[in-house]
Amino acid sequence: MAEHVVLFTGPMGAGKTAAIASLSDIDPVRTEAANTDRVTADKATTTVALDYGEITIGPDEKVRLYGIPGQTRFEFMWKVLMRRAVGMILLVNNDNPDPIGQMLYFIDYFHELYERGGAVVAISRSDVGLGPTREEYYSALAAARPGLSIPIFSVDARSPEQMKIALFSLILNIESRAAVPSRYEEPRQ
Amino acid sequence: MADQSSSGGDGAMVTVASPTDSVDNGWDDAARAIYSVRKIAAPMGIVLQPDDRTPYLVDLHRKKFFSTDDLTDFPTHPVRVGVQTYVVSPDDQEPAGPARNLELLLWNVGRSSFHGGLAPWLSPTAPYRLTAWPDFTGVFHTTFHLRLTAHLANHVTTVDDLVELFPADADSVPGAMNAFSLLGILEHLPAQPAAAVQPVEPAADAERSTGGLWSRLRDRWGF
Ligand SMILES: Nc1nc2c(ncn2[C@@H]2O[C@H](COP(=O)(O)OP(=O)(O)OP(=O)(O)O)[C@@H](O)[C@H]2O)c(=O)[nH]1
Ligand SMILES: [Mg+2]
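These protein sequence lines map, in sequence, to chains A and B.
Our numbering numbers the first residue of the first sequence as 4 and each following residue consecutively.
Our numbering numbers the first residue of the second sequence as 4 and each following residue consecutively.
Hints may be right or wrong, so weigh each one.
[Claimed, not checked] Under the rule of at most 35 angstroms between Cα atoms (straight-line distance), these lysine-lysine pairs were calculated in the DSBU-like manner: (1) A:Lys65 with A:Lys46; (2) B:Lys67 with B:Lys42; (3) B:Lys66 with A:Lys46; (4) B:Lys67 with A:Lys82; (5) B:Lys42 with B:Lys66; (6) B:Lys66 with A:Lys167; (7) A:Lys46 with B:Lys67.
Hints listed in this document are in silico derivations from the structure and should not be mistaken for laboratory results.
Model the full structure from these sequences, guided by the hints.
Printed below as a string of structure tokens:
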């Protein structure tokens, strides 16, 4: 069985659970409990262990979708879930008080995953709160972490169509980065 | 090149294409005007009016366009597009009419201009690379556009090489390049010294770590 693990990361309330529900063929496995931190994210429940969903590609191939719990007190789970992943979709809610800081924090934390495969940034909840523009995310990323190849899209994590575009782009970007350099580039070591 | 004279700061409208220019060249003048205004970062708005349809007010600074037309029925082959520029200042009020996603308009204009050929400011043999991805959750695209974008975001490539890499979609390469250029995400790199030129690797190699999963996902989702 060929398996490809994709990790959904990002701060509390960014839409990781919603994104996995949008993409999964099966009823996603959720581990939500009452949210005791209504200051960070004003919602009734929060993920406390992981989210799990899957996409069946064929009889012998699956994409497994893992979502991390956004609260930093569950950070021990992040490393566990990162282990087998080929890439991540980093959700950042645009109504977060510091969405660009959050983006950089998760890119740094999961840098090994970016190096191994790739990452996509998906800006969610732009309809709820007016945060930075997509161009501002790109400029901030280029200034703070130059040389990374990370597509940035605006999404509604509840939309299967949009999350499919994000996941499809992640896979294309992983495969493109792994391809041989063109004649205009320095060969990679 | 269309006449790009400014209005002298009085905010008056200036027609970019001269009246004798009103031949059947569809979106070409519009693309030229957008490219020029972006290139010199001029404080100018552009009004585009395809045939007798509702005009689009393009505000590159605010990254929006204003129109009652939401582009669900974009005129890809207008006979003539009226192009006018006007001076804007940051303190100006937003133009009247609903504000819309400028990326969508630029993406459409780019792909519809120059009769499927390359814009005159782009070269088939110059090395290019993308500095960002279009916001594909908001603009109509095909799998080819996603593949092309992934390639150009990760590899410095010429248009001629792209045509070879994507033989089935070769006709769509120039339009997509025009669109990238209007979106302001296409970077032109200095030409490489001849000594650095090595043979191009075949496109089939371009699938590694997830073993061509994209094509099976495409089939699975019916993209
Ligand atoms: N309005 C709006 N709501 C969204 C969007 N994306 C996600 N949501 C909603 O935002 C809320 C938070 O999303 P979750 O999926 O619970 O967030 P999470 O990342 O799993 O959060 P934790 O488990 O606490 O780390 C949910 O009610 C989602 O349905 C969006 O783009 N717009
Ligand atoms: Mg959750």
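Now for the hints, and whether the structure bears them out:
no. : hint                  : in the structure
1   : A:Lys65 with A:Lys46  : holds (32 angstroms)
2   : B:Lys67 with B:Lys42  : holds (17 angstroms)
3   : B:Lys66 with A:Lys46  : holds (33 angstroms)
4   : B:Lys67 with A:Lys82  : violated (41 angstroms)
5   : B:Lys42 with B:Lys66  : holds (15 angstroms)
6   : B:Lys66 with A:Lys167 : holds (26 angstroms)
7   : A:Lys46 with B:Lys67  : holds (32 angstroms)
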